[in-house]
Amino acid sequence: MIILFGVFIRYNEESDTHWTEHRKAKNISSDIENDFYFRYPSFQDVHVMIFVGFGFLMTFLKKYSFGAVGFNFLIAAFGLQWALLMQGWFHSLDYSDGKIKIGVENLINADFCVAGCLIAYGAVLGKVSPVQLMVMTLFGITLFAVEEYIILDLIHARDAGGSMVIHTFGGYYGLSISWMLYRPNLDRSNRLQGSVYHSDVFAMIGTLFLWMFWPSFNSAVTDHGDGQHRAFINTYLALASTVLTTVAISSLFQKHGKLDMVHIQNSTLAGGVAVGTAAEFMLMPYGSLIVGFFCGIISTLGYIYLTPFMEKYLKIQDTCGIHNLHAMPGVIGGIVGAITAAAATESVYGAEGLANTFDFEGAFEDTKPTRQGGLQAAGLCVAICFGIGGGIIVGCILRLPIWGDPADEHCFDDQAYWELPDEEEEESIPPVLQYNNHHTHNKDIAVSNFNMEQN
Amino acid sequence: MIILFGVFIRYNEESDTHWTEHRKAKNISSDIENDFYFRYPSFQDVHVMIFVGFGFLMTFLKKYSFGAVGFNFLIAAFGLQWALLMQGWFHSLDYSDGKIKIGVENLINADFCVAGCLIAYGAVLGKVSPVQLMVMTLFGITLFAVEEYIILDLIHARDAGGSMVIHTFGGYYGLSISWMLYRPNLDRSNRLQGSVYHSDVFAMIGTLFLWMFWPSFNSAVTDHGDGQHRAFINTYLALASTVLTTVAISSLFQKHGKLDMVHIQNSTLAGGVAVGTAAEFMLMPYGSLIVGFFCGIISTLGYIYLTPFMEKYLKIQDTCGIHNLHAMPGVIGGIVGAITAAAATESVYGAEGLANTFDFEGAFEDTKPTRQGGLQAAGLCVAICFGIGGGIIVGCILRLPIWGDPADEHCFDDQAYWELPDEEEEESIPPVLQYNNHHTHNKDIAVSNFNMEQN
Amino acid sequence: MIILFGVFIRYNEESDTHWTEHRKAKNISSDIENDFYFRYPSFQDVHVMIFVGFGFLMTFLKKYSFGAVGFNFLIAAFGLQWALLMQGWFHSLDYSDGKIKIGVENLINADFCVAGCLIAYGAVLGKVSPVQLMVMTLFGITLFAVEEYIILDLIHARDAGGSMVIHTFGGYYGLSISWMLYRPNLDRSNRLQGSVYHSDVFAMIGTLFLWMFWPSFNSAVTDHGDGQHRAFINTYLALASTVLTTVAISSLFQKHGKLDMVHIQNSTLAGGVAVGTAAEFMLMPYGSLIVGFFCGIISTLGYIYLTPFMEKYLKIQDTCGIHNLHAMPGVIGGIVGAITAAAATESVYGAEGLANTFDFEGAFEDTKPTRQGGLQAAGLCVAICFGIGGGIIVGCILRLPIWGDPADEHCFDDQAYWELPDEEEEESIPPVLQYNNHHTHNKDIAVSNFNMEQN
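Protein chains in written order, with UniProt numbering: chain A, 1 to 455; chain B, 1 to 455; chain C, 1 to 455.
Honestly, the hints are just simulated from the structure, not real lab data.
Among these hints, one or two may not hold up.
Where chains are identical, the list cannot tell them apart; a pair therefore holds if satisfied intra-copy or between any two copies.
Unchecked claim - Distance condition first, Cα-Cα at most 35 Å in a straight line; then the derived DSBU-like pairs of lysine-lysine:
no., residue 1, residue 2
1, Lys24, Lys368
2, Lys312, Lys255
3, Lys368, Lys255
4, Lys315, Lys368
5, Lys26, Lys99
6, Lys315, Lys99
7, Lys101, Lys255
8, Lys255, Lys99
9, Lys24, Lys315
10, Lys258, Lys315
Construct all of the structure, not just a fragment, from the sequences and the given hints.
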C-alpha cells in the first residue's frame, strides 16, 4: 500500500504549497475559495457517518458490539486507502505524469466508496471473520470503482448522493454474499440474535448521526453554491417525512400499537437513501416529502414482512435488514432520479441552470433531459447487475474453507474474535447464578445431611 | 403536509438553479458567498443539539431511554416540517407570488422552533403519550411562530440565541402543561424515577453535545462576519464559567461534598441559555463570565431547593428540571439582553457597528439604545405570557381523556409504548430471580415432601 | 478570573463591531473572509475531541465513568479560561493598550492547551482527587504557555498539530506526576481496574470522535488555503494506516489471535499524534502512511510490553497508557518533523511555498531548511524537559497531604466523589444477592425450625 501510494499519489494543486502561485495564475481572490472550505464541513459529517453512524447502528446485537464498531473501523480504514487508489486510477489520473492528484473531494469519494462496503457488511454482520471482511472489502472497493466509472463517466448519469452507485450496489452486493454464505443452522446462535436495552440505545447513536448528517452526505460532492444548498434541503425534508411514516406504520402493524425499535433505528433513514440521486435536481420541497413518505412505508413494511420471507424462502439471512434500508430505497432513488431528470425543463431550471445541474457540456452539450432520464435508468441497471454479479462471485471466494469463519453456534458472539473483559463474566449475571447454584447445592446437601441425621 | 408544501414552499434564490444568474446580477464574486457556506456548519451543530443533545440528555431515567430518544426524534421531525410552514407564513412569505422561499436560514429557524417544544417535553417526560406529544408540538410550534413574529418583527427586539423566544417561552409552556396535567399519585411509579449508572453516562452524551455546540446555536443566525464571531466567543466563555460554579455549588450543598450527576448534566448548560440574547452584543468577555457565573449558582440551587418546592407546593412536576435549565436562565438572558442593549454606546460599537448590531434601519433608523432596552424587556414579557397562557390552554386540551396517556404506575416506563427486547428480561436480572424462586420453590416442596415423608 | 478577564481580555478586530470598518480599510471584499469562516468548523471538531473524545476515551473503567467524563469536563472548562489568559500574555498581548485581543484562533489554541492537561490526566486517572486535578491543570497550563512561547516564538519551530508542544509535553508531564504519586498498594483496588462490556463501547465513542476529528486538530491553526488542506490529508492517511497495523499487531501478539479492545481504543490514534508536526509540510501521502504504519506497531507493542514493565520496574502507573498513545508518538512526531523540515527543497515546495510553509519572514527570512530542522529538534528537547521537570515539581506539590486524594482501595471508584444512583445498587446485581441470601437464610431458619420441631 505504501509503495503504491509512493508511486501514484500526490497532492493536487489546492493542497500543494504551489497553491499561492496557482491562485494568482487563476486570479482567485482569496484563500477561502480553496475547495477545502467548500467541502470540509461536509467531509467531516460524512466521516462521522461512516465511522460512528454505520459503526454504532450495528451495535444493536447483545454480544456483538465490539465486532460491529471494531470491524467497521477496520474495514473502513482499510477501504479508504484502497479506494483512493482505485478511484484515482479511474477518475483522477493525471495522464501528463501518471500521478493521482488528491484533494478533499477525493477523500470524500473514498468515504463514499467505503460506505458501499459497510452497507454490505450489514447483511453478513456476525457471520463472517475479519479476514473474510477484508477480502469482501478489497473486491467490493474494486467493483465499486469500476461500476462508478461506468455509471458516472461512461453513461454520464448523475448520482450526487449515490442512491444507485452506493446504496443499490452495496445493498445487492451484501445480499448476494449473504445468499452464497447461507447457514441453515443459524438458529443455534438464536440466544444471541436479539438486542438488550442498552445496546438498542447505542444503536440509536448510530441512527441519529446518520440521520442528522445525511444532508451532508447527499450534498458533499454536488456543485458549489446552489447545488450543495438544494441537495441539503431536499434530503432534510425527505428524512423528516420518513420519520413520521415509519412511526405511524410501525405502530399500526405491531400488536397493541407498540413501536418497534428496529424500525425506528433503520427505516427512518430510508428517505435519505431515496433522494440521493434527485437531491441536486429541482425535486421541489413537496417532492422530497413525497419520496420520504413512501419510503418510510415501504421500508417499515419490508422489515415486518419481507425480511422473514427472504430468510425463509430465498435463503438470504440479512442481519441488519439492509434490503429495506439500502437496496430497495436505493432502487426507488434511482427511479425518482430518472423521472426527475426526464421531467426537467428550461422554464424551471433556467437555461444555464439546466446545463450546470446536469453537466451538459463537452460531448454531452446537446443531451436533452428526456435522454438524461434514460441514462439515469441505465445507470440503475448497471448498479444492480454489478451488485448481484459481484456479490455472487465474491461469495464463492468467501466460501473457501480457509478464512476462519465462525461456527454456527458462535455467530453474533464477540467471544470468537475479541478478548472480552473477564471480570464482567464473573461479576455481573453469571456469577450470581453460579453463586446461587453453589449455595443452594450446598444447602441441599446440608438439608439432606441434616435430615439424614434425623433419620 | 405534502399538499401544504406543494402549495406554499419553494427554494429561495440561493438554493435555486437560477443562483448563477442571481449571482451575476448581484455582482457576487464567488460561489462561496452563498449563504450556505456562512451558515451550514452552524446548522449542522444545531441539528446535532436538537436530535442527539436534547434526545440523549433525557435518557437519564432507568427505563425511559427509548421514549426519551425516540419521541424526541418523532416530535422534532414532525415539528420542523410544521415550523417551516408556520414561520414561513409569518416571516418569509413572498407577497409577489404567495410562496415561502426557503434556504438554510429557514431550516435553522425551524430547528430553533422545534427546540422550544423539546424543552417543554422535558417537563412532561414520561408522563404523556406520543399522541399528546404530537398535539403539544402542533400547538407549541404555532404559538411559537406567532410569539416570534410579535417579538422580533413587531416589537423589533433582538434575540439571536433565543433566550426569550425559545427558552423562556418553551420553559413556561412546558411547566404550565405539567401543572395542568398534575398527577397526585405519581409516586406509584417511584421505582422508575431514578437513573442507573449507564443511563447517566448516556445522558452525559446529550449534555456534552449541547454544551459544545451551544456557541453554534447562539451564533447560527446572527449577522455574517463579526456578529457570528462575537456570539460564539461570548457563549463559549459563559458556558466555561458555568461549569466551574455548578461543580462548586453542587459539591458545597451535597452531603460529604459529593457531586450530583443531575447538576453536572443540566446546570452546566444554563450559561449558554442566559447569554442567548446578549451574545451578539458587545457583552465583553468578562461580561459573559459574570453571566455564566451567576447562572451556574442559580440553576444548581434551583435543582436543590426549587424543584422539590415546586412539586410539593405548586403542584408542578418537572421531570427534567427545565425550570432551572431553561425558564429561569431564559428570563435572566432576557434581562441581561435588555441591560446590554440599553447600555450600548457609539464609542464602544462605532456608529456603523451600532446600527448593524441592532439592525437600526428602515422604520427603526432613529431608535436609541435606551429605547431598544425597553423593547427587549417588552419582548421578554410577551414570551412569558405566551408560554404560560399557551401552556394552560394546551394543557386543558391534553386533559381530555381521549389521548391514551399512561396510568400513574406506568409512567417513566418504556413498556407502555415500545416493544422491549424480551431476552433482556429473561437473561439479565429478573430471570435470575425467577430461576431462583422457581428453584427454591421446588426445593421448598422437595424439602417439605422429604420432611413429610419423614413424619 | 472575572477580574483578570475584565482587565485584560477584549475582542479582536474580526469579532468586534468595528469589523465592517476594518474590512473596508483592509479592502477585504466579503464577510466570508473573516477568520471565523476559515477556522470555525475545525474549532468545533477540536472542541468535540476535547470534551467528548478525551472524556469518553477514559470511560473504559467499570466504575469510573462519571469521574472520567465529569472531571474531564471540569478541568477542560477551567483550563480553557486560564489558557486564554496565559497564552494571551505570551502570544497575543497588544502592547499599545495592554489588552489581549481574542478571536477564533485564540480559542482553538486554548483548547489545544487544555489537551495537554487532559493527556496528563490520563496517566493519573482514578488516583487523584478533583482538587489535585485543578492544581495539576493550573500549573500545567502555565508551564504549557511558557514552553509553547519558547518553542514557537523564540526557537521558531513549527508545530501545527502539537506533536511536541502538546503531546510530548503533556505525556511526560503526566507520567512524571504519576511517578511522584506512585502507590505501591494500588492492587487493593484491583477489582475495579478492568472494564465491562458496555464501558468499552462507551470508550469507543471517545476513540472514534478523536480519530475522525484528528485531521481537524492538526489543520486547525495551519495556514489558510493549502496549509489546512494538506495537513488534513496527511493526518487522515496516517490515521488510516495506523488502524491496520494496530489490528494486525494486536492479533499477532495476543493468544488465540484475538483482538484486545485496549489497543483498538488507543493505538489506532497514535498516527495522528505522530504526523502532528509534519502535517503541514510536504510530507507526501506515502510519507504519512509510513509514519502511521510504524506508530501503530510501536504503540501497540508499548501496551503489550512497555506499560507492564514501567509499572513494575520504573514505578510509573499509567492508567490509560498515555506513554504509548501520546508521549512516544509525540517524540516520533517531533523527529519526523525535524527530518521533513531539514529535507525541504525549493524544487518541491516552490520558492514562495517554502517561505510560506516555514514562515521564513522578518528575522527568519534567511533561515535555511537544514537549520529549520535543527530548530525543530531543539523544540522537541525543550518539550521533553518541560514535561519531565514540570511534572516532578508539580508532583511534589501534589504529594502534600492536603488535597484529599482517595485511599488505595477507593481508587477507580466513583463512589468517592459522586452521588451514585442508589437504585442501581439495590436493583441490579447486589440486591439479587441480598434477596437471595435473605431468602435462603430465612428458609434455612424455617427448615431448621421445621426440622427442630420434628425432633
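Here is how each hint holds up against the structure:
1. Lys24 <-> Lys368: Between copies only: 26 Å across, 37 Å inside.
2. Lys312 <-> Lys255: within (22 Å within a copy, 39 Å between copies)
3. Lys368 <-> Lys255: neither (51 Å within a copy, 63 Å between copies)
4. Lys315 <-> Lys368: Neither. Shortest intra-copy (43 Å) and inter-copy (68 Å) distances fail the 35 Å Cα cut-off.
5. Lys26 <-> Lys99: within (22 Å within a copy, 40 Å between copies)
6. Lys315 <-> Lys99: neither (45 Å within a copy, 51 Å between copies)
7. Lys101 <-> Lys255: Cα proximity of Lys101 and Lys255: none, with 56 Å in one copy and 42 Å across.
8. Lys255 <-> Lys99: Intra 60 Å, inter 42 Å, cutoff 35 Å: neither.
9. Lys24 <-> Lys315: neither (61 Å within a copy, 58 Å between copies)
10. Lys258 <-> Lys315: Close inside one copy (29 Å) and across copies (31 Å); limit 35 Å.
Checked against the numbered hints listed earlier, the structure breaks hints 3, 4, 6, 7, 8 and 9; every other hint is satisfied.
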